[in-house]
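I would like the entire structure built from these sequences, with the hints used as guidance.
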Amino acid sequence: MSRAPLPEGALGRMPEGDKGRMKIDDALLEAVRRLALEAGEAIMRIYAGKFDIVAKSDHTPVTAADLAAHRLIEAGLRKLAPQLPMLSEEGADIPYATRLQWSQYWLVDPLDGTREFIKRNGEFTVNIALIDGQEAVLGVVHAPALGVTYGARRGGGAWKWTDSQPLRIQAHPQATIPPRVATSRSHENERIRAYLKALGAHTRLPMGSALKSCLVAEGTADLYPRLGPTFEWDTAAAQCIVEEAGGFMTDTAMHRLCYNSKESLRNPEFFVFGDAKIDWSAFLPST
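Heads up: the sequence shown is residues 33 to 319, going by our numbering.
Hints should not be assumed to be uniformly reliable.
[Stated by the list, open to error] Straight-line alpha carbon distances no greater than 30 Å define the calculated DSSO-like cross-link-like pairs of lysine-lysine that follow:
| no. | residue 1 | residue 2 |
| --- | --- | --- |
| 1 | K55 | K111 |
| 2 | K55 | K309 |
| 3 | K309 | K111 |
| 4 | K229 | K151 |
| 5 | K111 | K88 |
| 6 | K229 | K309 |
| 7 | K55 | K151 |
| 8 | K192 | K111 |
| 9 | K151 | K309 |
| 10 | K151 | K82 |
| 11 | K88 | K294 |
| 12 | K111 | K151 |
| 13 | K55 | K192 |
Think of the hints as simulated: they come from the structure by calculation, not from any bench.
Right, dumping it as structure tokens:
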């Protein structure tokens, strides 16, 4: 595999908060984690029974669990920080002119991995992130069916909870040979197949939702390449966790993902990885 350093300035720098913004500390992370647990409980009550599936205008599925979690999180965040707006997958119709006025806001996917929820394989998550400027500075990813939660806040490291006690996690700074690659369980396409073929020998770790990024954050996977459509709420919480674990989430030019920087909420293609010495873009198929 070819190796090359990240380009100068690719990792960027977190901005300092202005007066009046939320204080980003362990207490805030714990409050958001507990809210994610509550949303997870609401999701699991629906998961345990029968539920209807409705197709949204973009043909993606939505269930009562998505909407119940959205309402619970919205109410909880309003109580926690009434001054901050929230952008959610289930409430994303907010004009860019309005979003441009936001210095801080919550970015939420109340049920990431709806297809995994429908399949009942447990690989779905609640994602809650705090965005400051264009940076994800706090993130929680909770997998209620698996009993696992990941969380991080700027400058505080990355953590994993499987019970009440958190465990510090760290991305693997040197990829194994062959590399361990997290791949989407429900969104494989010809482009990712071509990429993996060019990558050569590797071990695949299929997974749903933001858990793929969390596998990199905890050092279980070396790489998660996403060469298909995602949105900003899919990545923000996990990006904070990955970066605080010492890993990276970049576009294919190896620049960090940023948020609320354009009218479209669609992400570019991206990589999540721990080993910055490898040029992961070298295996991209031609377009």
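(message) Hint by hint, where does the structure go against what was stated? Just the numbers, ascending.
(response) 2, 3, 7, 9 and 12
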